[in-house]
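As they're listed, the protein sequences go chains A and B.
1 is the number of the first residue of the first sequence in UniProt numbering; add one for each residue after it.
1 is the number of the first residue of the second sequence in UniProt numbering; add one for each residue after it.
Honestly, I wouldn't trust all of these hints.
If you anchor each label on the Cβ, the simulated ranges turn out as follows [said to hold, decoys possible]:
| hint | chain 1 | residue 1 | chain 2 | residue 2 | range |
| --- | --- | --- | --- | --- | --- |
| 1 | B | Val-194 | A | Leu-19 | 32 to 40 Å |
| 2 | B | Lys-226 | A | Glu-349 | 53 to 61 Å |
| 3 | A | Lys-330 | B | Glu-20 | 50 to 58 Å |
| 4 | B | Pro-52 | A | Leu-147 | 15 to 23 Å |
| 5 | B | Tyr-247 | A | Pro-202 | 52 to 60 Å |
| 6 | A | Gln-331 | B | Gly-113 | 26 to 34 Å |
| 7 | B | Glu-63 | A | Gly-333 | 46 to 54 Å |
| 8 | A | Ala-345 | B | Gly-113 | 34 to 42 Å |
| 9 | B | Glu-283 | A | Ser-20 | 33 to 41 Å |
According to the in silico footprint, chain A covers these stretches of chain B (three or more CB under 8 Å from chain A) [claimed, not checked]:
| hint | region |
| --- | --- |
| 10 | 9 to 18 |
| 11 | 39 to 53 |
| 12 | 106 to 117 |
If you're looking for bench data, these hints aren't it; they were derived computationally from the structure.
Note that CB positions come from ideal geometry on N, CA and C, so glycine has one too.
Single-letter residue listing:
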Amino acid sequence: MAAAAPPSLSFPRPVFAKLSPHPYLLRTLAPQVSPDTPTPKPSRTNGRAPHEARPVYIHTSSLSHAHGSALVRVGDTTVICGVRGEILPVTSIPQYRPRADFGEDDDEETRRAGRGELKDYDLLVPNIELATGCAPQFLPGVPPSTLAQTISTRVYSLLHSCAVVDAKNLRIWASPVVTKPTGCDDDADKMEEDDEEEEEKPELVAYWVLYVDILVVSFDGNPFDAAWMAVLAALRDTKLPVVTWDSDRGVAFCSRNAEKRKLQIKGLPVACTAAVFLEKEHGSETSGEENNRHWILLDPDRSEETLCGETITMVVDCEGGETRLRSLEKQGGTVIGRELIRGFAGVAEKRWREVKGAMSK
Amino acid sequence: MTDRRRINGPVGATIPLVFEDVEDYEQVATKAARSRAPNAVRKMYLKTGVTPSASGSAYLEIETSGKGGVSGLKLSCTVYGPRSLPRSSPFSPHIILSTHVKYAPFATKQRRGYLRDPAERDLGSHLEAALRGAIIADRWPKSGVDIIVSIIEGDQDRETSKTQGDEAWDIMNALSGCITVASAALADAGIDCVDTVAGGVAALVRDTADSSPSIVVDPIPSEHEKILASCCVAYLPTRNEVTNLWYKGDLPASDMELYTKLVEKGIQASTNANRVLLECLGETVN
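All chains should be built: construct the whole structure from the sequences, respecting the hints.
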């Protein structure tokens, strides 16, 4: 029997990355210094610097059945979002409380009341579908995973807390029926009729309900940032048809020819997520002085997400010059403290400008 | 019963939009007749490797008919496997296919729910039948492969206000697209097949109320006055075999020739799709 060649002891990089991902990422982030070779620049396994996010690509209005749609690609994560409006007559809202005053002026109180309407009548319905075979762990035919439920809930609460959509845009009004005097077709009478109509106060008859459906086509980490970006881009793209209310039948008709109304979106909150990678592998016994370094990896991909326990998500809005913090979430771990969070705001600002550039393209 | 794992929206039922009929609009709509030759298929775009984490994946897009509100078909398919079956499953001497076809909620004129409905399950079983004939199944005993197709956009006219029972005919186009895209994804995953299988649709249509019916390939239901019968074929060109045949409609049973002609036209559409498929796979290899 011919002797087989002795097996080589060096594996190519992908094999190491698969066999022991934690030491592999550690070695690329903290390259060992040797005197004869120049120190390589610390980078992640995917070639990015720790504070480097993946470029964003956004394409809007590619779907014809949705009223607004967006496709967002962040690296290998691809998300499609479609917004569809349906009509909810006030008669089918169980606990409908008619409001006497709808202030036209944009003061704080009317806006808060509008927010109440959005929440009380559930006018925004975001849902994410992860079980599309977008990654090996998300196969269809099962109920939504914890991650899918978490993302749906986070998008839902962020939509309400940021007040991106104003309830004013979702109200459908009807002018009250004017009893038509029989047998007069004169212009003068018509004019009179119009005058009467203007005097009468229009009545709130229905609301638009926006179904925001998010479909993940390809999953490679950081689903929340991509999903939120897709939701925002799709909402900014949304155009709702003009509706006329038929009070006799209680049905709303959409006009085909009239110009569609663009949904007004307030602000541009952008989510920015980072994960904390610890030098000490979870569960390992060794503890020393030099063994507690950490790296903050912006926009983690799928392999990095599995290695990191602590994540931070910051939602900032720099529209109008100053940076406003919209939401801050931090889970697991004890590394990120006050100073790091303050520093992270700068990173999030930079990300905001990148996303803003991609949105306006 | 409400789905407690999703956000369900308002308790009261919401009404999908109803468009008012504009008289001159209807005339415009009926005038948008088929501009292609009866035996010409629409252009399609196929690309493999859209989902890098899957074993194989493909994306298929069929162009719109040039008219405004008609959407083209957009499909994305991922393949996972071959992988070992779970321990609890009984011994199988060949690979077990499991297919899932799901419409996205925004894919059609009416909003779709998140749970698979019977029509989607039916599409899944037809797709499985079409692929089973192409895969060399006994090369992988005790293993399984998952084929998942998401219909991102269905082939439906958005503008026609009355549904003329189009749904049933649209499903044929969707199935033929599913077969083609799944075949590309299977090849991308490196699963051995005897041949690439592609889908094709042919239909017997009537353009005006009193004209005689004619056969067209790759029909768009909104372009014709009425579709009498439709047939979706999954065909292996080098073996000259049909792996799945789905026929709908009513034809006189005595007219065998018409029936054969319909299948023949379906095969013709399928070979056209197959050409695109081969070209796409060739590009990936090079």
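Here's how the hints hold up against the structure:
no. : hint                              : in the structure
1   : B:Val-194 / A:Leu-19: 32 to 40 Å  : holds, 36 Å
2   : B:Lys-226 / A:Glu-349: 53 to 61 Å : holds, 60 Å
3   : A:Lys-330 / B:Glu-20: 50 to 58 Å  : holds, 51 Å
4   : B:Pro-52 / A:Leu-147: 15 to 23 Å  : holds, 19 Å
5   : B:Tyr-247 / A:Pro-202: 52 to 60 Å : holds, 54 Å
6   : A:Gln-331 / B:Gly-113: 26 to 34 Å : holds, 31 Å
7   : B:Glu-63 / A:Gly-333: 46 to 54 Å  : holds, 50 Å
8   : A:Ala-345 / B:Gly-113: 34 to 42 Å : holds, 40 Å
9   : B:Glu-283 / A:Ser-20: 33 to 41 Å  : holds, 36 Å
10  : 9 to 18                           : holds (count 10)
11  : 39 to 53                          : holds (count 4)
12  : 106 to 117                        : holds (count 7)
Violated hints: none; the structure is consistent with every hint.
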